[in-house]
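Trainee: Residue strings, one per chain:
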Amino acid sequence: MEQAKLTASPQGEELGTLGLSGLRLTLRLCYLNFAVYLAVYVSGMYINIYITSGVNTIGIADPTNMIHMIGATVNFAISFIVMIVGILYGMRKVALFSLGALISLVAATIGGLLFLATGGARQSGSVTLVGGWIMSLLFMLALFLSYYATLRIMRATRVLEVLGKVQ
Amino acid sequence: MKSSVVTPAESDRATSASKQTNKLVYMIYVQAFFLAVTYVVGVWETLQVSNASITTPEVIEHGIASSGFAVLTGVVGFIAALQGKRRVSLLNLALFLITVAAGSTGFAFLGNTSDPTQTTITNLSMMATVAIAMPITGFSITDVSRGLNGREDEPSPVGVMTYLALGALSLTIIAGAGVPSASLYSVAIIAHVGFAALTVALVLGVLVISLFEGYSSGAGWDAQRVLYSLLGLAFVAISGADGVVYLTTGDMSYVVVMAEFAVLVYIFLIVTSGAPYRVHLGGSKKTQGVQS
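These protein sequences, in sequence, are chains P and Y. Each position in the first sequence, counted from 1, maps to that position plus 19 in my numbering. Each position in the second sequence, counted from 1, maps to that position plus 2 in my numbering.
Keep in mind the hints are simulated off the structure, nothing from the lab. Zero decoy hints are in this set.
Between beta-carbon pairs, the in silico distance windows are:
id, chain 1, residue 1, chain 2, residue 2, range
1, Y, A96, P, M159, 29 to 35 Å
2, Y, A103, P, M64, 23 to 29 Å
3, P, M64, Y, K25, 36 to 42 Å
4, P, L44, Y, P182, 40 to 46 Å
5, Y, A96, P, R177, 29 to 35 Å
6, P, R47, Y, R89, 17 to 23 Å
7, Y, S255, P, L57, 44 to 50 Å
8, Y, E47, P, Y60, 31 to 37 Å
9, Y, E47, P, S145, 29 to 35 Å
All C-beta atoms in this analysis are idealised placements derived from N, C-alpha and C, irrespective of residue type, glycine included.
Chain P on its own, in the form it takes in the complex (with noise of 0.2 Å):
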């Protein structure tokens, strides 16, 4: 019955070998990968508007910026895991869509380290101000990509859900 369930893959749908129970505790993964981009984004805003003001630094130790990198860390680990279920269990798009955040995380973290390493304010300079746009923007992508992955989840948990009614 279960094999049925999960080799009966309606035109067009990556339902992937992962079963529901499986699919549905991915999905809460997703689903805590959202609380965390929304820490790291208050985060930075904080920083951006009550730290620096646009004119003070920051420094690598101060304790918002502090969890905004380890928010940033666990966003990229989740979006990690996410992209290796997909890979292992068949799922092309979820692991395609979580590489692609994965690589704007990367490329936000080095916007991130740019902006520290270049004095920490936007009055720093311009190769610190790229250096906060580069991250802003990215990071606005990753979790674009991340809410695509996460929609593909949730469809093949809904497609599995309804195939489970129906046989």
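Given chain P, put chain Y in place with the hints provided.
Mentor: Frame of chain P, contents of chain Y only:
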């Protein structure tokens, strides 16, 4: 005589599960490799690099290796959860959280490199994480590869002895991390030497039990396991000798060699835990047909 017929669907599922488990084993080996690199670069950085900053090459290398380790710990934990390996999953997810917390002390250290208290906190928390990770990766590899080798029963005496040796090695490393601190020196050096001696004894025990286990079962000893435990014993002995040379000469380069040989002891103990390991790239084909 009890017989059971394995259907093609069940056979496919067993083959698929075997392939996934095999991939999990490889991931644990890669995780252990990243842990070893993190430790080696971290020790090098502590002893040889002054005025560390976010752009120091050793700091970047250590950061990349430790991030790789953290990410793979998360992956191993989650894939183990998907495969229903509850203990491996919980231990690795706990290790992931500990690693992230220890990483944050590194950020605090980079912001204040001149504070000795911050340096001690960073050294101890990172070394404690490495030390906690060693037995966890050892347990993961033993637990997962036991299923792959078709030995679902309780851990063998060699497996238990290897856990103990990894635990003693971990305690040696934690105590060693306290040695550079003036306030902890006297306690840390005694504990470090004591746990190091215990580690040597336990690695010798792994070798002896590997030999005896094969003889007592009548199947002969497992060459892979004996070879890896022998290599582990050789490196733990060299590492200990380096420590003694450092105490008599005061040359810090011996501490670096000691720490880097200690990581080879860890690697050989991990490989001993997984031994005998065989490549299952095509998955198991023994599940097909009639089994009696």
